[in-house]
Amino acid sequence: MKKRLIELKNISKAFDGEAVLSNIDLYIHDHEFMTLLGPSGCGKTTTLRIIGGFETPDEGDVYFEGERINDLPAYKRHVNTVFQKYALFPHLNVFDNIAFGLRIKKVKEDVIREKVSEMLSLVNLVGFEKKNVSLLSGGQQQRVAIARALINEPEVLLLDEPLGALDLKLRKDMQVELKNIQTKTGITFVYVTHDQEEALSMSDTVVVMANGKIQQIGTPIDIYNEPVNAFVADFIGESNILDGVMLKDFCVKFASHTFDCLDKGFEINEPVDVVVRPEDVDVVPVEKGMLSGLVTSVTFKGVHYEIIVDIDGFKWMIQSTDYVAPNSVIGVYIEPDAIHIMKKSEFSNMFGDYSTFSDEMDHLSEVPEEDEE
Amino acid sequence: MTGARKYNGPRRSALQRFAAAPHIAWAVLFVIAPLIFVAYYAFTNSADGSFTMANIAAFFTKEYLLIFWRSVKLAFFATLICLLLGYPTAYFISRCKPGTQKILIVLLMLPMWTNFLIRTYSIMTLLQDTGILNSLLGAIGIKPLSIIGTETAVVIGMVYDYLPYMILPIYSVMSKMDHRLIEAASDLGCNGFQVLKKVIIPLSISGVISGITMVFVPSISTFYISQKLGGPSTLLIGDVIEQQYTASNYNMVASLSFVLMVILIVGLAIVNHYTDSDDGGGMLI
Amino acid sequence: MKRFSKIYIAFILLILFAPIAVMAFFSFNAGESTAVFTGFSLRWYKELFRNSNILNALKNSLILALTSSVLATVIGTMAAFGIHHTKNKKVKGAIMGITNVPLMNPEIITGISMMFLFVFVGGLIGLSTKLNFGTMLIAHVTFSLPYVILNVLPKFRQMDKSLPEAALDLGCTPLQSFFKVQLPAVLPGILTGLIMSFTLSLDDFVISYFTSGTDFQTLPILIYGMTKKSVKPTLYALSALMFLIILVLLLISNREKSTAERMEAKRLKAEKRRKEAILRAQKSGKAPRKEKADETKATAPSHNRPIYLNKIIALVCVVAIIITACVAVSITSRQTITLNVYNWGEYISDGYDGSLDVNRAFEEYCKNELGMNVKVNYLTYDSNEDLYAKLSTEAVSYDVIIPSDYMIARLANEGLLEELDFDNIPNYEECIGEEFRGLYYDPENKYSVPYTYGMVGVIYDANIVDEADTGDWDLMWNSKYSGKILQFNNSRDAFGTAIYKLGLDVNTTDAAAWDAALTELKAQKPMLKKLVMDEIYNMMETGEAAISSYYAGDYLTMVDNQAENVDLQFYYPENTNLFIDAMCIPKGAQNKSLAEVYINFMLSREAAVANAEYICYASPNSLVRNDETYIEDMGEEAIEILYPEDFDFAKEYDANCYKDLDPTTKEYINNLWNDYKLYHNTIPAEGEEESTSPNVTWLSITILILFIICIVTIVSIIIIKRRKKHKI
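Protein chains in written order, with numbering that gives the first Met the number 0: chain A, 0 to 372; chain B, 0 to 284; chain C, 0 to 727.
Keep in mind the hints are simulated off the structure, nothing from the lab.
In this text the structure is predicted, and so the values were computed from the model without any measurement.
Every residue, glycine too, gets a C-beta built ideally from N, C-alpha and C.
There could be a bad hint or two in this list.
[Said to hold, decoys possible] A few chain A residues facing chain C, derived, Cβ under 10 Å: (1) Ile68; (2) Tyr74; (3) Leu101.
Okay, chain A solo, but in the shape it has when bound (with noise of 0.2 Å):
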């Protein structure tokens, strides 16, 4: 069993008497790589900052190694946080911001010395220690902001949405990046991001938040397979989530059909979300299909296509490698595995249709976020 590192314990915090944060618990372990994934609102930031000590819990405890810090100030925590645009001493040249935790702490300047061109090093900056950070790109600024961080030894950093101000080819190689430091330091890192691929490929632990509550908490592998909720299905990968009917274990009914599936324990006839992952749809002739329906249209993504079927008035999106003409009728087919029963939730009928999908209302609706900065 790994050490408890942080506990939240049934945690609340309203802004303006606007809930943010209810009832969160949450446990991090030692040496872990956890992500706090959401849209923008979810109270993931909160979170953070509460672990942080920039804010405190309206109710409940957060633990540190079993000691309660609630009132404990941020900067006796040993907690170090990079910041979301982060927050570099425009004054202070790289040595100096580096060197920072280092000389409040009054660490012998030789030591300090030693360890910052360790942490360029390590952060891959080496020769610019005397450089003016507001000239840095921001690449470069984020190594610095993680540096001055790491230099010192936090048992635990917070990161929050660090990568957010990058290009997406300069995120993916810090991505890489910040995975390698944290393999190589074991620090324990806490990611706020409300980027599901990053959070995927990176996390140890993902807890997925929605509305200040905690959706569901697990690894990757499991967020993905085995979401608990419309919310989680929807926010992690595309998914056809559809209204069906558990009619005894096993066996599900959905889009006038009965199929086959791998679950059970639910009450016979439950109303229940199915959750179909567009990959896992196969594209078959009309007659060999368990349903039919119509191409509405048909985009090429690279790896594969991206299909858009009308079957029955419910717009499926299906990801096929093989082409189909737009306009022609298809048959779809599903296998057991690839069908996920889930609980109805509060979630349920808001999410799945792709009747409205684009790509870029997806990208729209993180636009405002920048802009309350």
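Place chains B and C on chain A using the hints.
Frame of chain A; chains B and C shown alone:
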């Protein structure tokens, strides 16, 4: 959106809470209290300090109203001329290359860093009957002008002294204006005049308002300019206040100041309330 | 269009710089004029560095500017920090409202309101000098504060909100976080605020004018006093020098900005190059090289001066200049006791043009003979009434004053004068003749020692004025010379001219006589060029005005300095005022015995002759009257004007001096004088007066109301538009 984005600290530290206290105390003691004294002296008589409306009533007599009217008139013309001269200047400067803009703004500010009294005095030596302007005119055979001592001279002095106060705020708004807006407007079919009317002027209105304030207020209350450039019949409200002060007629000083202040503060408070407060900062540098 | 805009900007700059160019040009004038250039010389710059008054005022200004700007910056920065962290919008609005009051209020009101406070509070706690360095400091901090806050607050707003948190995160206490992180981040704003409040304070006249006392005179106050007289190019030299210093400072601090810009441009270029390299690499099919390698190369060679370093350099320069100036001044004059002397303008020999600097000579005398370090703080006033106003408010304290006879009587009656101890003034016996003792204003010779005496006469420019029109007071009412006439800017002298013109008694208590005089003055007002005191020198010398009445001695000064095309002449009308100015010590003097030593020194031959030659007034001092060099230096004509032969002084004086009138009459004259000042009528014809002025009034009131309505409409339109915008 939701409250989660409000990254305010959980509680303000004592430092944050009380940092403004010295300033507030200072402002109350040395800004608000003195104004209360003005009001106090304005409504009492000098002999026994009892309440009286006589001082205020004195303001509303023919002589003072005439002088006040003259002050308003001259300040108004000075402001108008400053606006007419300053607005195009600010616009042209904002269209220059950034480097040139810097230099021009420094050049505009330079005269302001020379003592205002000496500047006004040297205007006087320029304008007076036997002054430089007239000797230049004489040299090219034009009849000398008699400007000094007239209201015109006072307005010239005001315009000269306060023109930079008009240009700088307008410029600071215009320089922040996105020049693509003008291109966009022309793209959408505006001609030169329409661009000016529909885009440039509405966007620079806050600068214009603060420029007007910054010229009008010192113009209406000046006494040095009218003392040096004016004559016996260009007395302004500022002159009267100064004269009453020299004669230690404090109650009259207070009442004149009080009325002037009330009129200006009410007007300005309304204007200021609806003007962006951020524009005030760094206006001069 | 491009060309037009260039020409336009050039035109505006030309307008703005013309007076400054004039100023700089005339600072090199060999002559004394600020309007006629007679040749190139550096004499005014030399004069400047010899003029201890100017240097002292400069030092005072710098000290005040430095202390007030530092204080304002500290308080303002803290305030900006506090305001930035105030979350309650209403509280924030209220604080900003108070902060903005000094910005919106006219300076004159800010100054006056503070003067009220200081005088009132000073009276409560019983200070002898209610206005002093402290009050000025408070005033300057008050008007600088908003500028500091307005410069610093936006910097706090612009600062990344997580910066202070990052500092806490890295182990700073809140206090450390403020000093180590937030303060440096807003430093550019603080420096701008500091520089701004420094220059504002250095340049401020209006607020200083109302809040300054005697002991601490700043440069603008001194300049104000000097521009009331004939300005010598010394002031221009000073301004030109200060202009140069500020130009250099601005250039330095501007270079810094452009350095930052260059660095930014370099960075952008590097980024672009990097992106291009990646693109090329991708095109050529190779995997893009590791980013950092590119960046290392692309970023400019490290050139790492913090951006605001130059601003600091500029500031250090300023401080260095100040310190050098202060040290220089304090080395030349390390004084301990300050003697406040309050005198008329141009009324003492000040070392100008090789004359004896009497005040410095007195300081030397004290040092050598008495072993005391004395500093004479010499201040000037414009008229007896000014002097009285200053004394009666008790806001300031002086040691020696030199009022005229009627004012001495008034001050003595009101108990505002100290009795002199003539043991300390041994020269009195020897110097002051019998005819100058026991005069009405000081019948027992208790309060005063005569300084000068003289008569009022009429000065005219013979090139303009017809000889036939001269000879009596009517010349000053002659409409032929309308617009060329000057009148006294003090009630007693101005009414005097009218009373003499009417042939009445100048000391009458008959209100009707004064009313008649007022009517005369009002009739004269439209013909006047200006009401003047010492400005008269300049205006008569240059030919700006052609007719005026003034004190005989001053005529001699004017003749010496008159311009080529001016031919000043002088005559005494049949009846005219005779006056004596005498040295007194006011109640509340800080150094009474030293003041007596000063008075005694002024009677000594050396000082008295120097003064008499410099001022050109008749001297009651027998040492002077009998001094041969003096008679020779002044010339026959001057002696004749100053000391007319067959002149029965006692009789004339008794008939024509101004006496201290009873309070009712004084009050009455005061009101008439006020009335006269406010009086405005461009139409000289008397008959029309009654019918036109009410119409003019109503017309102007109507226009005023219309104007106010206009403003209100404009404002409400703006408000409505803004409201709409906000809704959208």
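Each hint, compared with the structure:
Violation of the interface hint for A/Ile68 is found here, the shortest Cβ-Cβ separation to chain C being roughly 14 Å, above the 10 Å cut-off. With 10 Å as the threshold, the beta carbon of A/Tyr74 comes within range of chain C, its nearest partner Cβ sitting at about 5 Å, so the hint holds. With a least beta-carbon distance of about 9 Å to chain C, the hint placing A/Leu101 at the interface is held under the 10 Å criterion.
Hint 1 from the earlier list is the only one contradicted by this structure; the remaining hints agree with it.
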